[in-house]
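Chains A and B, in that order, give the protein sequences.
Quick note on numbering: the first sequence equals residues 0 to 346 in numbering that gives the first Met the number 0.
Quick note on numbering: the second sequence equals residues 0 to 369 in numbering that gives the first Met the number 0.
Just to be clear, a hint being listed does not mean it is correct.
DSSO-like, lysine-lysine: derived pairs with alpha carbons at most 30 Å apart [as the list claims (entries may be wrong)]:
{"#": "1", "chain 1": "B", "residue 1": "312", "chain 2": "B", "residue 2": "13"}
{"#": "2", "chain 1": "A", "residue 1": "228", "chain 2": "B", "residue 2": "92"}
{"#": "3", "chain 1": "A", "residue 1": "85", "chain 2": "A", "residue 2": "142"}
{"#": "4", "chain 1": "B", "residue 1": "214", "chain 2": "A", "residue 2": "28"}
{"#": "5", "chain 1": "A", "residue 1": "28", "chain 2": "A", "residue 2": "228"}
{"#": "6", "chain 1": "B", "residue 1": "13", "chain 2": "A", "residue 2": "228"}
{"#": "7", "chain 1": "B", "residue 1": "92", "chain 2": "B", "residue 2": "61"}
{"#": "8", "chain 1": "B", "residue 1": "199", "chain 2": "A", "residue 2": "75"}
{"#": "9", "chain 1": "B", "residue 1": "366", "chain 2": "A", "residue 2": "75"}
{"#": "10", "chain 1": "A", "residue 1": "85", "chain 2": "A", "residue 2": "149"}
{"#": "11", "chain 1": "A", "residue 1": "75", "chain 2": "A", "residue 2": "268"}
{"#": "12", "chain 1": "A", "residue 1": "133", "chain 2": "B", "residue 2": "13"}
{"#": "13", "chain 1": "B", "residue 1": "13", "chain 2": "A", "residue 2": "85"}
{"#": "14", "chain 1": "A", "residue 1": "197", "chain 2": "A", "residue 2": "149"}
{"#": "15", "chain 1": "A", "residue 1": "85", "chain 2": "B", "residue 2": "61"}
{"#": "16", "chain 1": "A", "residue 1": "28", "chain 2": "B", "residue 2": "366"}
{"#": "17", "chain 1": "A", "residue 1": "170", "chain 2": "B", "residue 2": "199"}
{"#": "18", "chain 1": "A", "residue 1": "149", "chain 2": "B", "residue 2": "214"}
{"#": "19", "chain 1": "B", "residue 1": "95", "chain 2": "B", "residue 2": "85"}
{"#": "20", "chain 1": "A", "residue 1": "149", "chain 2": "B", "residue 2": "13"}
{"#": "21", "chain 1": "A", "residue 1": "133", "chain 2": "A", "residue 2": "75"}
{"#": "22", "chain 1": "A", "residue 1": "85", "chain 2": "B", "residue 2": "95"}
{"#": "23", "chain 1": "B", "residue 1": "214", "chain 2": "B", "residue 2": "95"}
{"#": "24", "chain 1": "B", "residue 1": "13", "chain 2": "B", "residue 2": "336"}
{"#": "25", "chain 1": "A", "residue 1": "170", "chain 2": "B", "residue 2": "214"}
{"#": "26", "chain 1": "A", "residue 1": "75", "chain 2": "B", "residue 2": "61"}
{"#": "27", "chain 1": "B", "residue 1": "61", "chain 2": "A", "residue 2": "149"}
{"#": "28", "chain 1": "A", "residue 1": "28", "chain 2": "B", "residue 2": "199"}
{"#": "29", "chain 1": "A", "residue 1": "237", "chain 2": "A", "residue 2": "75"}
{"#": "30", "chain 1": "B", "residue 1": "13", "chain 2": "A", "residue 2": "142"}
{"#": "31", "chain 1": "B", "residue 1": "366", "chain 2": "A", "residue 2": "170"}
Please keep in mind that the hints were generated in silico from the structure rather than gathered at the bench.
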Amino acid sequence: MIGNAKPNGGTNAAPGAPPAIAVEHISKKYGDFTAVDDVSFSVAEGEIFGLLGPNGAGKSTLIRMMTTLIEITGGKAFIAGHDVSKEPNAARGSIGVIPQAMTSDLDLTVEENLSIYAKLYGVPREQRERAIAKLLADVELTKWRTAQTKTLSGGMRRRLEVARGLVHSPKIFFLDEPTTGLDPVSRVAVWEMLTKIKEERRLTMLITTHYMDEADRLCDRIAIVDHGKLVALDTPLKLKASVPAENVIEAQFAHAPPDWERMLQALPKVNSVQSEGAGMYRILSAGTATVTALVECALSAGIEIKSLAVQSTTLDDVFVHYTGRQLRDEQVKAYAFVMPARPGERA
Amino acid sequence: MNRMWAIVERELRKFLRSPALMLVSLVFPLIQLIVLGNAFGGKIRDARLGVVDQDGGAQALKIKEAFNSVAANVRTFVPVYYDDDKRATADVKNGKIDGALIIPPQYSRRVYEKEQPRIALVVDNSDNFMSSTLEQKLAELTEALNTPDVQPRVVQNVALQVVELYPYIEYMKYLLPGSITLAMFVSVMIGGGMLYIDDKARGVHEGYLVTPITKLELILGLNTAGAIKAIASGVVITVVGSLISGVTATFHVQQAILLGLTILVTSLAFNTMMFLFMVRVEDPLVPRATFGVLNTLLFFPSGAIYPINAFPKWLQAVAIADPFSYAVHAFKALLLKEAGITAIWHDLLFLTVIAAIMISIATPLFKRTL
Ligand SMILES: Nc1ncnc2c1ncn2[C@@H]1O[C@H](COP(=O)(O)OP(=O)(O)OP(=O)(O)O)[C@@H](O)[C@H]1O
Ligand SMILES: [Mg+2]
Chain A
0 MIGNAKPNGG TNAAPGAPPA IAVEHISKKY GDFTAVDDVS FSVAEGEIFG LLGPNGAGKS
60 TLIRMMTTLI EITGGKAFIA GHDVSKEPNA ARGSIGVIPQ AMTSDLDLTV EENLSIYAKL
120 YGVPREQRER AIAKLLADVE LTKWRTAQTK TLSGGMRRRL EVARGLVHSP KIFFLDEPTT
180 GLDPVSRVAV WEMLTKIKEE RRLTMLITTH YMDEADRLCD RIAIVDHGKL VALDTPLKLK
240 ASVPAENVIE AQFAHAPPDW ERMLQALPKV NSVQSEGAGM YRILSAGTAT VTALVECALS
300 AGIEIKSLAV QSTTLDDVFV HYTGRQLRDE QVKAYAFVMP ARPGERA
Chain B
0 MNRMWAIVER ELRKFLRSPA LMLVSLVFPL IQLIVLGNAF GGKIRDARLG VVDQDGGAQA
60 LKIKEAFNSV AANVRTFVPV YYDDDKRATA DVKNGKIDGA LIIPPQYSRR VYEKEQPRIA
120 LVVDNSDNFM SSTLEQKLAE LTEALNTPDV QPRVVQNVAL QVVELYPYIE YMKYLLPGSI
180 TLAMFVSVMI GGGMLYIDDK ARGVHEGYLV TPITKLELIL GLNTAGAIKA IASGVVITVV
240 GSLISGVTAT FHVQQAILLG LTILVTSLAF NTMMFLFMVR VEDPLVPRAT FGVLNTLLFF
300 PSGAIYPINA FPKWLQAVAI ADPFSYAVHA FKALLLKEAG ITAIWHDLLF LTVIAAIMIS
360 IATPLFKRTL
């Protein structure tokens, strides 16, 4: 594990304040299978903390233990100072939770969904209406107040659930894959809404996701989880910096001379050069100096650059670095298309 | 307890928003009432009974006379006369006639000499209902033939005319208590079984469980909502079914109050029973797969469509343990016999005890976690 549980600059925690969420050596076993394996971290007040991992990594299991939904096999979890195993109701009262599955009642209206939850959370009658009106405005569903939930789009239903999780004005908010299944436009809308609400209500948020861009965009700190284990934890920037940097430069040149590949190889910080035909080269470099040098070299040699693309380290690279592979989804997909061996052929 | 009412509110709002489901729980028992009421209400009529007279004597003529009178009056069967007993037997086998009566040679002589005269009835015993009807009718006739001449026909005519007057309505009335019970059970199967497990699988309960609702509030909320739905369908079928089948007791104040009480206790018993069955089920297929079995196991032995006295011992034992039997018994007493509380208090007590037992087993089994 790299980094530590030190809150970063984006939080509004008083120095020395107890963490909003603290997880100590927590594990969950289903029979012989260990879904979560000795995970520890803490989340400071006001922080947005991301749990990033592929399908089956144990993200939902972690959230469910922290939110009192399943029993903890080993270790402890504290929410706002309450041990979730010993004082589950105190913990429940101080958190809002959006489960992974969309669970709003489709037959009920938007407003009814919110009011039932307000009652379940014991919000006093006089506060209920005001809180619901404010939340509907915050998630931009005021217009749809009396619409049956089944008539809403996926993005709107997610926003309704965000509002539902906040009817009792909790300070700590758990969201399990809030944008999975949404189209790109709705995803961005949900991100913007969450950022705004977080600021306004001074929330601490814990989000799980398997989208790198989501974690990068929203989270102050990210914990990478794989096979139930925490494999890395830090700010997105530091995580990227911790991976041996490798920029990928793809350039296409008109009329490159025969020794051009050797000249590219000689540029500063270049690790490897690969010719891909039609004047196209793929260069892996360890620093940003390469690009400048490449352009200067081409200019002085009088060679026209037809195209140039530079990609720096992403969280994908971080993920591959720490887990040794791509997101597991893709592997599974690849296997799914392998033809079965014909009789007599070795598998 | 406000949290409990939030659960009840949610369940009832959802129930009112999906009238299709509500209708199914009412329509099914009503259709059963009307179709079964008419299908089983009638007696067998115009069965074809082959008659082979190998005797040709005066006593054989007397039998044929009795048959002609049956054919003319009750019309249970019409005689078809054969010369040859082999052909008659073959026709029973291939279904051309429903039975054959063979009057053997020397029958009349044996009657006069009091030498145990016999006639033979050939029936197709693969059709149990038909063959037993014929056997029963002929038993009546032969008994009548053994007693003095004048009375039997009069007795027959009177006895049979009563049945002829209201054959359908009578059976429909008989079925109504079963239909009310069934309607409440279907409502419980849909609400407390199918929809409950669907909600669980869809994660609706996951949403509840992260709120500070207590286990008891959750259990009470779910069961209260289920009971309210069952009461609603019980009341509707009692009123509609009484109108269809012509039961008037329903609309007398005292009977109406007792009916309400029975419906209340029955819905509590059924709902807590379903709650226990489903308390640890996760898979939405389970309720769907088991409902046919549950229905058969609980509805048919209850005396709803056939009297319990006619059951074999083992099935009577099932009936004793079956909460349906008590509900059906109480509804029958109130609707058909217009009885008072003394006739039904033990049914109500049994159902209350069942509800108490079911909920006290289910409560510790109910998990307040996923
Ligand atoms: N009730 C259970 N019984 C047995 N195994 C379980 C149970 N719940 C989860 N698991 C297993 O635990 C592992 C972690 O599951 P979990 O749902 O936490 O993953 P996740 O990271 O949330 O994945 P996803 O992105 O698909 O939601 C999986 O391998 C899953 O099969
Ligand atoms: Mg998950």
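Straight-line Cα separation of residue 92 of chain B and residue 61 of chain B no greater than 30 Å? The given pair, whose Cα atoms are some 27 Å apart, holds under the 30 Å limit.
Residue 61 of chain B paired with residue 149 of chain A [C-alpha distance capped at 30 Å]: Judged against 30 Å, a Cα distance of about 77 Å means the pair is violated.
Would you check the hint for residue 197 of chain A and residue 149 of chain A, treating anything up to 30 Å between C-alpha atoms as holding? OK: residue 197 of chain A and residue 149 of chain A at ~27 Å, within 30 Å.
Is the straight-line distance between the alpha-carbon of residue 85 of chain A and that of residue 142 of chain A 30 Å or less? 42 Å, violated
Is residue 28 of chain A within 30 Å of residue 228 of chain A, Cα to Cα? The hint holds at about 13 Å.
Restraint status (C-alpha distance of residue 95 of chain B to residue 85 of chain B at most 30 Å): 14 Å, holds
Hey, residue 133 of chain A versus residue 13 of chain B, does the alpha-carbon distance stay inside 30 Å? Status holds; Cα separation ~25 Å.
Hinted pair residue 228 of chain A and residue 92 of chain B, Cα distance within 30 Å: 77 Å, violated
Under the criterion that the straight-line Cα-Cα distance not exceed 30 Å, is the pair residue 28 of chain A, residue 199 of chain B satisfied? It holds: about 22 Å lies between the C-alpha atoms, which stays within 30 Å.
Checking one constraint from the list: CA of residue 13 of chain B to CA of residue 85 of chain A, max 30 Å. Satisfied? Outside the cut-off at roughly 35 Å; violated.
Given the hint that residue 85 of chain A pairs with residue 149 of chain A, does the C-alpha gap stay at or below 30 Å? It is violated: about 38 Å lies between the C-alpha atoms, which goes past 30 Å.
Mind checking the alpha carbons of residue 199 of chain B and residue 75 of chain A for me, to see if they're no more than 30 Å apart? 27 Å, holds
When held up to the earlier numbered hints, the structure conflicts with 1, 2, 3, 6, 10, 11, 13, 15, 21, 22, 23, 24, 26, 27 and fits the remainder.
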